[in-house]
Amino acid sequence: MNSVPTILRSMVLWVPDWPIVAGVRMAKLPADAPLALIEKGLVFACSAAARAEGVKRGLRVREAQARCPELIVKPYEQQLDQRAFETIVTAIEELVPGVALVRPGICAMKVRGPARYYGGEKPAGLALVGLLDQLGIPGARIGIADGPFTAEQAARTATAAKRVRIVPEGASAQFLGPLPIRLIEIPALVVLLKRLGILTLADFAALPADDVLGRFGEEGAHLHALAGGLDSRPITPRVPPEELDVSIAFEPPLDRVDQVTFGVRASADDFIQALVGHRLVCTSLRVEIDTELGDYSERSWLHPRSFTAADVVDRVRWQLQGSGEVDTGLRSAVTVVRIVPEAVDAIGNHEVGLFGAGPDERIHSGLSRVQSMLGHAGVLTPVVSGGRTLADRQTTVPWGDRALLVRQPSQPWPGQLPQPAPATVFPTPHPVHVFGPKGEAVEVSERGVLSAPPAQFSPVASGRNLRRITAWAGPWPVSERWWDADAARRANRFQVVDADGVAWLLVLESIGAAGAEWSAEARYD
Amino acid sequence: MSAAIDTIECMFEYGEMAPAAATLEESVSSVDAVRDLQARIRSMQATKLDSRLIPTHPAIADLLPGGGLKQGATYSVEHSATLLMAVLAGPSAAGSWCGVVGVPEFGVEAASSFGIDLERLVLVPQPGDQWLAVTAAIADVMGVVVTRPPKRASDGNLARLAARLRQRGSTLIVLGNWPQSEAMLTLSESSWSGIGNGFGHLAARQVTVTVSTRLGGRPRSARLWLPDPELKFVAVEAPGNAESQSEYLRAV
Chain A
3 MNSVPTILRS MVLWVPDWPI VAGVRMAKLP ADAPLALIEK GLVFACSAAA
53 RAEGVKRGLR VREAQARCPE LIVKPYEQQL DQRAFETIVT AIEELVPGVA
103 LVRPGICAMK VRGPARYYGG EKPAGLALVG LLDQLGIPGA RIGIADGPFT
153 AEQAARTATA AKRVRIVPEG ASAQFLGPLP IRLIEIPALV VLLKRLGILT
203 LADFAALPAD DVLGRFGEEG AHLHALAGGL DSRPITPRVP PEELDVSIAF
253 EPPLDRVDQV TFGVRASADD FIQALVGHRL VCTSLRVEID TELGDYSERS
303 WLHPRSFTAA DVVDRVRWQL QGSGEVDTGL RSAVTVVRIV PEAVDAIGNH
353 EVGLFGAGPD ERIHSGLSRV QSMLGHAGVL TPVVSGGRTL ADRQTTVPWG
403 DRALLVRQPS QPWPGQLPQP APATVFPTPH PVHVFGPKGE AVEVSERGVL
453 SAPPAQFSPV ASGRNLRRIT AWAGPWPVSE RWWDADAARR ANRFQVVDAD
503 GVAWLLVLES IGAAGAEWSA EARYD
Chain B
8 MSAAIDTIEC MFEYGEMAPA AATLEESVSS VDAVRDLQAR IRSMQATKLD
58 SRLIPTHPAI ADLLPGGGLK QGATYSVEHS ATLLMAVLAG PSAAGSWCGV
108 VGVPEFGVEA ASSFGIDLER LVLVPQPGDQ WLAVTAAIAD VMGVVVTRPP
158 KRASDGNLAR LAARLRQRGS TLIVLGNWPQ SEAMLTLSES SWSGIGNGFG
208 HLAARQVTVT VSTRLGGRPR SARLWLPDPE LKFVAVEAPG NAESQSEYLR
258 AV
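Protein chains in written order, with the numbering used here: chain A, 3 to 527; chain B, 8 to 259.
For the record, the hints were derived by calculation from the structure and aren't laboratory data.
Any given hint might turn out to be false.
FRET-style restraints, in silico, Cβ to Cβ [stated by the list, open to error]:
hint, chain 1, residue 1, chain 2, residue 2, range
1, A, Gly465, B, Pro111, 23 to 31 Å
2, B, Glu85, A, His432, 34 to 42 Å
3, B, His86, A, Ser447, 35 to 43 Å
4, A, Pro32, B, Pro111, 38 to 46 Å
5, B, Pro186, A, Asn467, 23 to 31 Å
6, A, Glu294, B, Pro186, 26 to 34 Å
7, B, His86, A, Pro479, 30 to 38 Å
8, A, Glu442, B, Glu85, 29 to 37 Å
Which stretches of chain B does chain A cover? Using the computed rule of at least three CB atoms under 8 Å from a CB of chain A, they are [to be verified]:
hint, segment
9, 88 to 95
10, 113 to 119
11, 128 to 135
12, 139 to 148
13, 191 to 198
14, 201 to 207
Keep in mind that this is a model prediction, so the values were computed, not measured.
For glycine and all other residues, C-beta sits at the position ideal for the given N, C-alpha and C.
Please take these sequences and the hints and turn them into a complete structure.
Below you can see the structure in the form of structure tokens.
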């Protein structure tokens, strides 16, 4: 045999159902909510409450919802998983240094230091479990054994009653032996070994090491060593990332927007200075706001170029004030504001040229000034999007944000209006009245038949200011989203030209069984 | 001073035209001569240098005083968003940024199809009470600004805004009346083609665009397609007028 490798006594912390724990924490749901995280249309993870109703991993969303009608369905985001675990790892690092992150929900550390400090392996494990309970994560398990692989299996076999499982030194092979072969986590090899009649780790470990190396190569030899409890992998503690976040706590909590923004100002300067110190600029940041009543608001802000301190202060203010005025009071007082950089870039890519960066920079600073007067959504850039109604066909995006088109204009959209498009599109359609030649109201039957040709109409709700119709076309029926009771829409559209030569787009909108209402959606003027 | 010139102009007109009224051609040339003389008088009378023109859509450039939109000047457009887009299309296509303040009903799709570049278009739909400040801030950075005053601003504020426009070289287009506008564009006699009584759809429109200037010269007007069936703004050719219109009716 080869020389016996040094095997490190390791401690592994495992939080069962970490994606669910993270999802519940981030969405601020009650701990016993039935939650399912979905990836590619299948259930990726589900909470205990959902599992009790029969939801399990790999079900289709529809079937999971059928089994548990009150199921809360959210998309699975790996990024959120990692972000939530990051805070836990930081807290553990304060207790036990040198934590290696295995994957979100699992981290490993050397046991020798903590065991000496707490006076034994078990007290060390209990201290860690106690810390996690304090952080509001019940149910964390600890495994202590020779090598991280064995320790992880020990943690996974720990029970809710006995949450720290210790495998004594040198007893790894004995502990791992009866466990199934699928734990080696290479599906192709697992299938092959099962065909060869090797069903447990002990069977695999019993094979001669040289033969395994010859048949399965380096990787197989490594797994063979793991199965035999000879996990010689070192634990490489992670390098804690540079702390670029800024957290501003207000004591006592502040309930006015202008006070909060004033308080944030100095920290925003520090935030930008720290970034500049690392030769970075921030192009996207996240502002998180905690309030006294437990409300939590989080929003990502993009910047077309890079944030300056004043821009950061503006973003905090816009997030707080929503559409209100600067001096309005908040619903509950703000306790903490956190500014987290989401995307940073090397400062060299954003350096202003010797003669300035041309007109774009000037335009951006001018528009930012208007935004600071009117709020983030006060200055808009328009985009043409797809759709049948005129309101659907134009999307506006606040200056600085990226447009996310839900409906693509390149798709055909049968039923859209013929060109030319109207130059005046009313933000909200206003009610009008349309009359036939004898002054009767014009209606359209279920089968799309007009009761009378439109002869005159009044462009105001009161029905005065009657105009003669000189030409008209329609009805053009639109029946959208009939499968969704809330979003369904049935309407008949008309183009009419009045005696002054102004053309209008009138809509006869069906409102359930109650009948239909005329409104003007746009004007061709 | 201007009253005196008016009398001179009247003398010109009556003095020249009375003997030559018999032949039409001569009277046309005399009208041109009068216009030339008026222009000369105006340029001698002007208190400022000729300002530079910004690229203007050819369909309306000839109607405007000076042959195009001027930097730092104000124009007013009445009752027509399409006419406004015709004014914006020229500068926007030439690469200038346009800002639209206080016009929530601005039709973006139409603007895009009439040749306004949406990449360089910024909307401020609800400026509220701060419209004058917002308009001035936008005029600082953009070549063309459109605004609709919700109420009459004081003369002092208007003068300040005009000074700022002149300094920055931006052109202001006001929807509605404006006391110091260089020219006022209005639209009349609009007739749609392509639509009948219960059939077809709106396809093209002919209108008469009239430009009247502050200096009180004779308003100039022209018959334009606004838009034509290919969504372009072009002048209507006089002889083919009736035929082309009936053709479009048949085609639809």
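The hints, checked one at a time:
1. A:Gly465 <-> B:Pro111: 23 to 31 Å: With Cβ atoms ~25 Å apart, the hint holds.
2. B:Glu85 <-> A:His432: 34 to 42 Å: Violated, at about 21 Å.
3. B:His86 <-> A:Ser447: 35 to 43 Å: holds (36 Å)
4. A:Pro32 <-> B:Pro111: 38 to 46 Å: Roughly 42 Å apart at Cβ, these two residues keep to the hinted range, so it holds.
5. B:Pro186 <-> A:Asn467: 23 to 31 Å: 29 Å Cβ-Cβ, so the 23 to 31 Å window holds.
6. A:Glu294 <-> B:Pro186: 26 to 34 Å: Taking Cβ atoms as reference, glutamate 294 of chain A and proline 186 of chain B lie about 53 Å apart, which means the hint is violated.
7. B:His86 <-> A:Pro479: 30 to 38 Å: holds (32 Å)
8. A:Glu442 <-> B:Glu85: 29 to 37 Å: This hint holds: roughly 35 Å between Cβ atoms.
9. 88 to 95: Coverage by chain A holds here, the residue count being 4 at a Cβ distance below 8 Å.
10. 113 to 119: Coverage by chain A holds here, the residue count being 7 at a Cβ distance below 8 Å.
11. 128 to 135: holds (count 8)
12. 139 to 148: holds (count 6)
13. 191 to 198: Holds, because 3 residues of the segment 191 to 198 of chain B bring their Cβ atoms closer than 8 Å to Cβ atoms of chain A.
14. 201 to 207: holds (count 6)
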